[in-house]
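Sequences listed follow chains A and B, in order.
Using the working numbering, you'd call the opening residue of the first sequence number 29 and step up by one each time.
Using the working numbering, you'd call the opening residue of the second sequence number 54 and step up by one each time.
Keep in mind that the hints were calculated from the coordinates and are not lab data.
All C-beta atoms in this analysis are idealised placements derived from N, C-alpha and C, irrespective of residue type, glycine included.
Be careful, since some hints might not be right.
List time: in silico DSSO-like cross-link candidates among lysine-lysine, alpha-carbon distance up to 27 Å [stated by the list, open to error]:
1. A:K70 <-> B:K97
2. A:K99 <-> B:K80
3. A:K65 <-> A:K99
4. A:K96 <-> B:K80
5. A:K70 <-> A:K86
6. A:K65 <-> B:K80
7. B:K80 <-> A:K70
8. A:K96 <-> A:K65
9. B:K97 <-> A:K65
10. A:K70 <-> A:K96
11. A:K86 <-> A:K50
Listing some non-contacts, in silico: residues in chain B with all C-beta distances to chain A over 10 Å [said to hold, decoys possible]:
12. Q59
13. S83
14. K97
15. G112
16. P123
17. P127
18. Q133
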Amino acid sequence: GENVEQHPSTLSVQEGDSAVIKCTYSDSASNYFPWYKQELGKGPQLIIDIRSNVGEKKDQRIAVTLNKTAKHFSLHITETQPEDSAVYFCAASAASGGSYIPTFGRGTSLIVHP
Amino acid sequence: NAGVMQNPRHLVRRRGQEARLRCSPMKGHSHVYWYRQLPEEGLKFMVYLQKENIIDESGMPKERFSAEFPKEGPSILRIQQVVRGDSAAYFCASSPGIAGLTDTQYFGPGTRLTVL
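Could you build the full structure based on these sequences and the hints that come with them?
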C-alpha cells in the first residue's frame, strides 16, 4: 500500500518568513495530493490540492509543487502570519477500484512567532 | 452552505458501553468516509460508504465497530463495548461522488470520544 512520509514534524518561523513542508510517497499510481490545515480542536480543512498532471499550483500565499519522478511534493507558505499556526497534513491517493482512499502523513506543527 | 456536520462533538462513555457517532455530509455529497485520529498522529482511514453500501472497510477493526449510511438520515459509526483504547477523535469526510471530483474530501469538526 501507499506510504507517505512528512517532514519536518515541527516547524517554527518568524512572522513574515516562508515555511516549507515536504512529503514523499511510495505508490507511483498516486495521482491526487491534497493538503489540509488543522487548528486545535477542529477538523482538517482542505487548503490546496494538486493532481499529477500539473507540477505546481498557487493560491495567494500558498503553493504546492509536485515532482512525480522523485515522488515528492511540497507545501510552500510565504509571508507567514500568526494565524497560519496549525498542524498541516499532506496526503496521497490513487483511484483503486473506484475507492479514493488517501494516505496521510503524520503532520507538521507550524508555529509562527509574531 | 452547510459543511459536514458531526454530532455529538464530545462523547464520554464508560468501558463496556456503546458509542454512536453521527455524520451528515455536505449537501449534494453522496460519499462518506470515517477516520480516527490519535493525539499527535495523522488520520487513519476506517471505512468508506455510499448510500446503503459499504465500499471499503479495510481500516475498520474486525470486532465491535460498524458503520452504515442509510438511504435517509446521517451516516452512523457505532462502537460496541468501548474500551479505553477507543478514546480518540473520529472524523467524517464527504465527497461529491462526481467523476473527476470523487477524491476531494471535506472534513467535519469531529467527535472526541473519551472512554473512562
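These are the hints, each one checked on the structure:
About 16 Å separates the Cα atoms of A:K70 and B:K97, which keeps this hinted pair within 27 Å; it holds. For a cut-off of 27 Å, the pair hint linking A:K99 to B:K80 is broken: about 35 Å separates their Cα positions. Annotation: proposed proximity of A:K65 to A:K99 holds, straight-line Cα distance about 22 Å (limit 27 Å). Simply put, A:K96 and B:K80 have alpha-carbon atoms about 34 Å apart, too far for the 27 Å limit, and the pair is violated.
Only pairs whose Cα atoms come within 27 Å are accepted, and A:K70 paired with A:K86 is accepted, the gap being roughly 25 Å. A C-alpha spacing of about 22 Å is found between A:K65 and B:K80, which places the hinted pair at or below 27 Å, so the restraint holds. With a C-alpha separation of about 20 Å, the suggested pair B:K80 and A:K70 falls inside the 27 Å cut-off, and the hint holds. At roughly 23 Å between alpha-carbon atoms, A:K96 and A:K65 fall within 27 Å of each other, so this suggested pair holds.
A hinted pair counts as satisfied when its Cα atoms are at most 27 Å apart, and B:K97 with A:K65 qualifies at roughly 16 Å. Of the pairs offered as hints, the one joining A:K70 and A:K96 is violated, with about 32 Å between alpha carbons and a cut-off of 27 Å exceeded. Of the supplied pair hints, the one linking A:K86 and A:K50 holds, its CA atoms being roughly 16 Å apart against a limit of 27 Å. Look at B:Q59: its CB is around 8 Å from the nearest CB on chain A, not clear of 10 Å, so calling it non-interface is violated.
Every CB of chain A is more than 10 Å from the CB of B:S83 (nearest about 13 Å), matching its label as outside the interface. Listed as outside the interface, B:K97 is inconsistent with that label: its C-beta sits roughly 8 Å from the nearest C-beta of chain A, within the 10 Å cut-off. Against chain A, the non-interface label of B:G112 is violated: not every CB pair exceeds 10 Å, the least being about 8 Å. In this structure B:P123 is separated from chain A by more than 10 Å, as the shortest Cβ-Cβ distance comes to about 20 Å.
No Cβ of chain A comes within 10 Å of the Cβ of B:P127; the nearest lies about 16 Å off, and the non-interface call holds. No Cβ of chain A comes within 10 Å of the Cβ of B:Q133; the nearest lies about 24 Å off, and the non-interface call holds.
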